[in-house]
Each structure stands twice: as C-alpha cells, then as structure tokens.
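S.K.: Those protein sequence lines, which keep their order, are chains Y and L. One point on numbering: in our numbering, the residue at position 291 of the first sequence is 291, and numbering is uninterrupted. One point on numbering: in our numbering, the residue at position 306 of the second sequence is 1306, and numbering is uninterrupted.
Honestly, the hints are just simulated from the structure, not real lab data. Each statement offered as a hint is correct.
As a list, the in silico DSS-like pairs of lysine-lysine whose alpha-carbon atoms are at most 25 Å apart:
id	chain 1	residue 1	chain 2	residue 2
1	Y	K247	L	K1228
2	L	K1519	L	K1368
3	L	K1416	L	K1428
4	L	K1050	Y	K247
5	L	K1214	L	K1188
6	L	K1362	L	K1342
7	L	K1528	L	K1602
8	Y	K247	L	K1234
9	L	K1158	L	K1228
Which stretches of chain L does chain Y cover? Using the computed rule of at least three CB atoms under 8 Å from a CB of chain Y, they are:
id	segment
10	1023 to 1035
11	1038 to 1052
Using N, Cα and C, we set each Cβ at its ideal position, and we do this for glycine too.
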Amino acid sequence: MFDRRLIQNFDWILLLLLLTVAGISILNLYSATYQISNEVSSRVFLKQIYWFLIGFALFFLMTTFNYSALERLAYPVYFFSITLLVLVLVIGKTTSGSQRWLNLGPVSFQASELAKIAILLVLSKFFSDKGWHQKYRLRDLWQPFLLLSIPTALILKEPDLGTALLLIMVSFSIILLVKVSWKSLAILVVSVLSVAPFIWSGLKEYQQMRILTFLRPDMDPLGAGYHINQSKIAIGSGLFWGKGFLKGTQTRLHFLPEQHTDFAFSVLAEEWGFLGSVILLLLYLFLVLWGLKIAVNSKDKFGSLLAVGIVAVIFWQVAINVGMVTGLLPVVGNPLVLFSYGGSSLISTMAITGLLMNISMRRFMFQ
Amino acid sequence: MKTSDFDPASFEVFNSQIRWATIFVLVVFSVLIFRLWFLQIINGPVYRSKSENNRIRLQDISPSRGLIFDRNGKALVDNRPSYDLYIIPEEVQDQGRLLESLDGLIGLDPQSTGELLDKTSRNLPFKPVCVKRDMSRNELAVIETNRFNLPGVLVKVKQHRRYISGNLGSHLLGYLGEITEQQLRTAKYPDNKSGDLIGKSGVEWKWQTTLNGKRGGEQVEVDAAGRKIQVVSKRPPVSGSDVYLTIDKGLQTLAEKSLKGKHGAIVVMNPNNGEILALASSPSYDPNLFVGGIGKIDWERIISSEDFALQNRALTGQYPPGSIFKIIVALAGLQEGVIDPKEEIFCNGTYSLGRSNYRCWKKYGHGKVDLHRALVESCDVYFYKMGRRLGIDRIADYSKKFGLGVKTGIDVGREKSGLVPTKAWKLKRWGVPWQEGETISLSIGQSFILVTPLQMAGMISAVFDGGVLHRPRLTKRVGNARTETTHGIAADKKGFVGLKQTHLELVRDALVGVVNEPKGTGSKAKVKNIIVAGKTGTAQVVALKKKNGGRDKGEVPFKFRDHAWFVAVAPAEKPEIAIAVLVEHGGHGGSAAAPIAREIIKAYLGAQG
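Given the sequences, and given the hints that come with them, work out the whole structure.
M.R.: Right, dumping it as structure tokens:
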C-alpha cells in the first residue's frame, strides 16, 4: 500500500547532502589516483562510481519498507552477523596480516560492516523497550555490554582495531544518550582506565607502534612517523586556496601514503586548501546535525535511537579520520566515511543512511 | 507495529540529551577546523616549503674545466670523455645474475658492488649508483655489446682531465686532487663542493678559479621513490676559461729530454720581459695518475723515492751558485770601485789567508789575469782577492739587487727564496761571528749562499737587459678561445739593479769570451753563427780537503759529486733567450751543463731562422 505522504515527506536535504559529498569524493578520488597514462588508476575512480551507484540503489531500497519492521528483525540480524564474524576467522581471506574478508562468489564482503548495522539495531531495540524516564545504572546495562562485547571481541581478533573502536564509540553514544546515572558513569570511566594497560599489552606490535608514533611523530620520520608527517605536509602545504585540482605535489608524487583510502582527506586539503577542507567538514557537520534533527522528530523511540546510532557512525568516523590525518589522533586506519575509496564501507554507510531517510520520511506517520 | 509511546515529558528528556550531543558535535568539529586552520594558515608556509623540499632535488651540472695551452696555442692539458658505469637498482631484475655477468665481462667484484647497491637502493631505488669509473675502451665495448642482457645498467659520460704529453711540464702544470675538508671551509673555493677535483699544484692550482668555471644546476622534480619526473628549471654551467702559458711546447720537450736520466732543472726565459719559455725539472711524474684519485701504490712510489719527483727543482731547488756568482762579485767590485778592469792579479793556484790556503780550481794557476780573463777562465784567486776587498756585506747588498735571497714573484708555483748570508745573519743563525775565510769562499759562490735556477735565469737576463730585473711569469693570457675574450697579462718590471751600463758592458764582453775565446770554460756552449754568452759554475756539495780531487768523478760517490751550473744568453748582441741549467751531481758546469744550453739555443734560435 503506497502512501502519498511518503513522497511529500521525502527528505531532499538529506539526499542533497549525500549527493554533494559523493560528488566531491569522486572528484577527489580522480585526483588522488590521477596519473598520466595509467589505466589502473582510472579503474579505481570508475569503480568508486559503480560503488556509489550500488550504494544509492541500496539507499532507496532501504526506504521502501517501514523501519519499524526492523525491530523484530534486530536479533536475527545480530546473530547472523556474529555467525559471519566467526566464519571470517575460520575461512576468511587474509590481506596484509588481517582476516577481514568473506569471499562470496565475485564479491568480497567485510563482515564487520554488517556487525555495525546489527549492533545499532539490537541496542535501539533494547533501549526502546524501556521507558524514557529510567536512569540506567550499571547493573541495568549488562545486557547491552554483552551484546557489544561479542562482536567487538571477534573483530579485535581479526584484528581490526579501527572498526572495533568505532563499534564501542557508537554503542556508548547510544547508551549515554538514554541517560546513565552519574555514579555509573564514573565507575565506567574508572574501569575503562584500569583495563587500558591490559588492552595495550593485547595490541599487536604494529598497533602499539602507531600509537607511540602518534605521541612522538618526529621519532622516526622515515619509518612509522612517515605517514603522519607526509599527511601533515600535504594538508599544511595547501594553504588557504589549495594548490589546485590535480596539482597536489604530495599526492601526485606519492609522498602521501594510501591517498585514495585512509588519507583521501589530505588530498582534498592539499589541492583545495583550507577553504575546500572546511567546506567538506561543514557538509559533514550539517549531515550530523540534520541526522540529530531526524532523531528528535522521529515518531517513536526505536526510530530516534536508531537515527542517533546512524549519526554516531558517521560522526565518529569523520572525527577519527580527520583527527588522524591532521595528526590529532593516532593512525588507526579508518577510511573517511562516504569519501574514501572502498566498497564495503561505502555500501554499509549508504544502507544505514537509507535507514535514516526511512526514519525521516515516516516522521509524521502516526496510526 | 508498536504503539506510539509519544509523551511530551519523555521528549523533553530526550531533547535535552540531544542538545548535549549537538554541543559535543559542534565542539569536536570546531577542534577539527581549528586544527586545519593551524596546519594550513598558521604553519602553512612551513609545510609548503617542506612539500617543495620533498619534491625538488637539486642536481649539479659540473662545468667543463678550462684547457691549458702553450704560447703558440698547442694544447698541453685538455679533457677527454670518461665512461662511468652506473646501475639503477629499481630496474635490475635479478641482482645476483647481473653482478655475476658484470664480473665475467669486466671483472667487477660482485660482493663489494652488491653491498654498494644495497646501501643506496633502500631509500632511493631509482638513483643511479656508480659502480665503476673510467672504463677502458675494451670494457666499454663489452658493456655496449651486451647491453640488452644487462637491464638496469647505464653508462654516463664525464669529463676527465688529460695531460696530453704525460710527464711533459708536470711540475709547472701541476695536478688535480679531491678538495679537502679544510679547503672547503676556506672561502677560496666558492664554486666547489665536496668530491670536486681541484688544482693542487702548478698552473692547475694557481688558476683554479679561472679554470674551474661556474657550476650549473637543475631543479628536478622527483617522486617519493626518487624517480625523476621532470626538469623544473635549469641553469647551464659556465665553462672554465682557458689558460695560455708562456711556455713553448717544443722547447719544453727538448729541455726535459736533455735532463732525462739526470736530476736537475732548466729555466729558459725571454730576457727582455721575463716570460718563461721552458721550465723543466727532473725527475718528473705523470699528473694523469692523480686524476680521479691516485692509487696507493703509485703515490707511495712517487713519495718514497729519493728522487723527490714532486719537487720542482727550478723553483724550490736551492744550490750554491758556484762560479756563476762571480758575475755579481765582478759587477759589485766595479760599481764600488774596488775593481779596476785593467788591474792584473797573479794567480799561482793558491790564495793564503792566515794559515789557510785557498786554491784555484786550476792547480798551477792562471798567471797574470785581469777582470776579463778572470771571468773567461773563471779564476778563483782573482775573485778571492776582489771578494775580500768588497767584504761580505757589500757582496750581499749586490746579490739582493739581483733578486737573490728573496722570491722572484713568479706567478705560478711555490718557490723558495734561497739565501744571501750577511754578518748579522751568521751571528743570529749560528751564534758566531763571520769568518774572513767565509768571505773568500762566498766570492766564488760557495759556502752559505743558496740560489734557485729561476733566480739565476733572472740574474743573467738582468745583466743582458741593461740591468732590468723582470718578474718571471708563466701565464701569457687567460680567457676563452672560443669566445675570443682572452686578456693578456702584462710584463712586470720587478726592479732595476742600478749599475752603470759601462760596467755591465764589460761583464757582457767577458761572458761572450767564456764561450767563444780560447781557454773559455764554456766553450762547449758555442754555436755556429750565433754569439752565445754564458758562465759556468760548479757548486760544491761537500767541502773536500783536496779540492782538486773532488773534480774527479771516478773517485767520489754520486751524492757527493758537485752540481754543474751553466747560465747563458743568446744572441749576445740582442738577446732573445736566457737559460739557466743545473745538473745535480753533474760534475763540472762546462762539461755537464753547457752542452745542454747549447742544444736549447740551437733549437730555439735555429728554428726562428
């Protein structure tokens, strides 16, 4: 049964924001992989266009049903994603020391992306079943913690520190939003700080190295600190107006590492300067604030919490990636959401923003 | 579908939480934007220059070193191409196999080459590594024919200094060597960098800045792997200027040939302006050995030998002048009025002072001699007497007027000043007063007095050029022959001996007699149709008790034998060439040195018509 109000309530601003970021991303990827007479690089740029097309298809697919249906599907999706994460560890494809990929025929699939969606769904469902007035104490939160810790542990085992971290931060964003008592919050912070040394010793050597390098980037400018230094040089050398499209020397001469994935933002900052990078950041800021507005306007608690979770996924990824490439945070290896090259992350992001659109479209549909 | 749980109070709670979240988001984005402002605006210029440094490499282009020619434009030193073998590590497919085949083809040591490659390739895989300098023609041919089998191998051409005739003029031309740390620290080599070859001696040293030219360079854009992308800007090098010497290549060759197998020096000068036509020192060395770093074996062979091949004897060899000093004593005596040219002295072969007897070289004496005969036959007794009349300090004064005891000021090469003893010098140096007997020895150019062959050439020139003392010089002009912008170097009068022309005339007549009159000691320098004037000299190396015995070569070990001197000019009536010849341990000047001068005069004046 098709409802005319769905068209009337279509969130054009959300779509426009996504299209703008996608457009800048493709332009930037073209530059990041631009090389005179190099076919490989032009393939990267074309592939990203295909990914965006698939992503937008999925985006619209995600608006066709009422998101409330997902409340019932939350736990099945969650258990399915846990199964996939276990499968990855058993039969997954190993690239550069980490097992992250599932080979599904022609497509490789990163199972942790589905886990991201799954954790959003189960936490939204868990808290929407409770009332708004409740102040949660620690003992009320053992269930969400358990729900979080299983996929987190599996992802850490791959190991994929970046995604595990994102999972934790997104979950805590939801938990904090439903109001936790100050006492519980204090206990939580203290306990996190006290396990930090154990987490440190559990990290791989290259992960420890990255954090150490972050603290002292000049320690080894040609070794581990190289990425951060070259990224800062790329960004800083853009000055206000930038060096111009396709004219970033750090990018074109390959001083910048991973320029089409993790350090795509540095390419933009070098070529479009302070102006271009701030415009992109303001687009993300607007997207996040718009998402929070969708959360406020949602007609039910599940929708509000799900919207907050989706916004948190976008927000934390932007903060971590831009913080990383500007040298504010250690190199954890997160791509810039919607902007870096990479199919798996883009597809899952487009899927969840589709859900955000779904929530926005159905904001006035009281029965 | 779940029932709506809308209720305004609960929304109030949620909204306040969202407000906190919004504030948090705004704060985080502000931090990020502030960070960008800090990197791109505040520190932007610093990062911009760092990105330029990343991208731009400066590559030097060495200028081509100026050439050295003789006075007639015949090349003495030029540059030849040298073929250096390079390997680009990134382009090598199988390093082990490549090194193996290079070992087989040109005998390149695989182990040390491998280490060299590994060291550079780690950071800059596209930077060519030099593995062999200056390949021979054969090696080059072998590499070129097998080029298709040797991926990553590159041959670069560089300029290599070549001393065209090997040993010819080695002392005056000098040699090249790598610039030292100390030299780099001085401001004298503004155009040179570590690793450059610069002149270490001779003309190469003196005209280093002129010959060197100006280094060019290009700014090359490279990528992170060191691969050359494009040339951003280029400043071409400026070739060094050429240097034209006063040397006559043919005469130089002859001079060196006549010293072959001997130790000694020859200076040939234009007596009218001080231009050096030939400057030979024997033994010599091959400056080509020094280019590109002299091998240890070669260096030790040159250094350890008692030949002192690196020493330029014409400028730094200090010898007693022997009888050629009589020219100065004669002129001093005339000027001071203690010699009357008509006065005759009787020489019986011995001159006595107190209990000592000073002998004439002619055992039974010359009989009655006046000034003319005393010079022609080189009578010692005559000059013992005249020397005593003058006294040591007056002899010293006139010696200095002829430029002895000080450096001549020649424009190229390090020289020594020789020594003119005085009473004051003796007291200061040895702490004992001057002995009268020493004046006697000094009157015939023995004992303390020391001169260089160059000083003697200047002295004889002055006698024949009316008393003018020219500053000797080796450089005729410098400049670039191709651009015709040469500029000459003017003759330079260093001084005037200040003697009466009639006195000079008397001595000149006597010196013509030395060669041309019967009983003249320099008769072996006589040339048909050309009037040669000259003076022989024999410098004692050790004072033998029986002086006459010392002249007999057979009895004396080589290193105690006397040095043979001969100075000459020709043609005497209008001199064009002045010569000083010294043969170490050669024996008597008249027999060992005079024939050499004769050949040079014959060749030079004969060739001129």
